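Student: In case you want the letters, here they are:
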Amino acid sequence: MRVELLWWEGCPSHPQALADLREALREEGIPEEALEVRHIATETEAEEAGFPGSPTIRIDGEDVSPPGPGEPLGLTCRVYRLRDGRISPVPDPEELRERLRRVKERTA
Amino acid sequence: MSIALGEPAPDIALPDTEGEEHALHASGTPSVVVFTCNHCPYALAWHDRLLDAAGDYAGRARFLLVNPNDAERYPADSYEAMRERVRGDGGWPVPYLRDESQEAARELGARTTPDVFVFDGEGRLRYRGAADADHMDASQNAAWLREALDAILAGGEPDRPETEPVGCSVKWRA
Chain A
0 MRVELLWWEG CPSHPQALAD LREALREEGI PEEALEVRHI ATETEAEEAG
50 FPGSPTIRID GEDVSPPGPG EPLGLTCRVY RLRDGRISPV PDPEELRERL
100 RRVKERTA
Chain B
0 MSIALGEPAP DIALPDTEGE EHALHASGTP SVVVFTCNHC PYALAWHDRL
50 LDAAGDYAGR ARFLLVNPND AERYPADSYE AMRERVRGDG GWPVPYLRDE
100 SQEAARELGA RTTPDVFVFD GEGRLRYRGA ADADHMDASQ NAAWLREALD
150 AILAGGEPDR PETEPVGCSV KWRA
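For the record, the sequence lines run as chains A and B. Under numbering that gives the first Met the number 0, the residue at position 59 of the first sequence is numbered 58, and the numbers go up by one with no gaps. Under numbering that gives the first Met the number 0, the residue at position 80 of the second sequence is numbered 79, and the numbers go up by one with no gaps.
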């Protein structure tokens with residue numbers, strides 16, 4: 000399994016996203032070696048990486064919360080919606096764990 | 000540049016989404032100037048709390064929400080997108096101002112969206128920072144902002160005049 004965290008320094012959310020992701024990996028028994036943290040610094044890098052904003056988390060290339068069609072790529076902050084309806088700068092931690100679990104079971 | 004606590008608000012007026020100009024400061028009434036935007040999750044998370052505070056202090060303090068972001072690189076923050084948002088919500092109880100030149104953001108030294116500045120009735124800066132301690136906790140209810148306003152309205156000084164603003168970086172023009 001390959002887990003990516005792509006981040007940009009214009010949003011202060013990446014430390015929280017990384018902490019949530021590490022905790023989810025630990026809870027699901029996935030070695031941290033699967034995690035790749037990648038800094039996106041320029042618009043060109045954002046285009047090349049298909050980066051819709053910070054933070055973006057992908058598991059085996061699939062966004063844990065896929066952006067809507069036509070959502071632009073670039074250096075911006077992503078808006079996530081938690082299961083309780085609150086707006087959040089990071090993905091729902093429970094949803095993150097479920098995604099990891101599903102991919103882990105699929106590839107077992 | 001940025002203004003320090005105790006310094007006067009710059010003499011700047013900005014248009015709201017209906018084109019009406021609003022000065023950052025009005026003599027005799029405290030003014031709350033919040034730099035915010037359409038696309039930042041922190042700004043969106045705090046938005047309802049700010050509107051609630053505006054309602055609770057209606058008649059005692061002015062609230063102005065100001066979008067300073069570069070709309071060329073961030074079209075979601077364009078003047079038209081601001082208008083659409085306000086109209087889509089059926090109108091807002093506070094003006095949503097466009098800082099197209101980014102002069103207000105530069106003069107005040109805004110760093111993030113949101114970034115809160117509270118001026119007293121003489122137009123002097125008395126509070127600057129976050130609305131409260133946690134964007135994810137609605138029960139915080141913009142407590143730091145309210146504390147500052149309560150102190151100013153009582154003729155005193157906020158106990159906590161400055162906090163660290165938390166949010167997305169202001170999107171400056173290239």
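A hint or two may mislead.
Stated by the list, open to error - Just the calculated beta-carbon pair ranges, DEER-fashion:
no. : chain 1 : residue 1 : chain 2 : residue 2 : range
1   : A       : Ala18     : B       : Pro160    : 56 to 62 Å
2   : B       : Ser100    : A       : Glu22     : 27 to 33 Å
3   : A       : Arg85     : B       : Gly58     : 44 to 50 Å
4   : B       : Arg82     : A       : Gly73     : 49 to 55 Å
5   : A       : Arg85     : B       : Ala22     : 16 to 22 Å
6   : B       : Asp69     : A       : Lys103    : 30 to 36 Å
7   : A       : Arg85     : B       : Gly89     : 40 to 46 Å
8   : A       : His38     : B       : Gly90     : 39 to 45 Å
9   : B       : Gly58     : A       : Ala18     : 42 to 48 Å
10  : A       : Glu32     : B       : Gly155    : 53 to 59 Å
11  : B       : Tyr78     : A       : Arg25     : 54 to 60 Å
Hints listed in this document are in silico derivations from the structure and should not be mistaken for laboratory results. Since this is a predicted model, take the numbers as computed values, not measurements. Even glycine gets a Cβ: it sits at the ideal position worked out from N, Cα and C.
Student: Please go over all the hints and tell whether each is borne out by the structure.
Tutor: Here is what the structure says about each hint:
{"no.": "1", "hint": "A:Ala18 <-> B:Pro160: 56 to 62 Å", "verdict": "violated (31 Å)"}
{"no.": "2", "hint": "B:Ser100 <-> A:Glu22: 27 to 33 Å", "verdict": "violated (44 Å)"}
{"no.": "3", "hint": "A:Arg85 <-> B:Gly58: 44 to 50 Å", "verdict": "violated (30 Å)"}
{"no.": "4", "hint": "B:Arg82 <-> A:Gly73: 49 to 55 Å", "verdict": "violated (23 Å)"}
{"no.": "5", "hint": "A:Arg85 <-> B:Ala22: 16 to 22 Å", "verdict": "violated (35 Å)"}
{"no.": "6", "hint": "B:Asp69 <-> A:Lys103: 30 to 36 Å", "verdict": "violated (42 Å)"}
{"no.": "7", "hint": "A:Arg85 <-> B:Gly89: 40 to 46 Å", "verdict": "violated (22 Å)"}
{"no.": "8", "hint": "A:His38 <-> B:Gly90: 39 to 45 Å", "verdict": "holds (41 Å)"}
{"no.": "9", "hint": "B:Gly58 <-> A:Ala18: 42 to 48 Å", "verdict": "holds (43 Å)"}
{"no.": "10", "hint": "A:Glu32 <-> B:Gly155: 53 to 59 Å", "verdict": "holds (56 Å)"}
{"no.": "11", "hint": "B:Tyr78 <-> A:Arg25: 54 to 60 Å", "verdict": "violated (46 Å)"}
In summary, the structure is inconsistent with hints 1, 2, 3, 4, 5, 6, 7 and 11 from the numbered list given earlier, while agreeing with the others.
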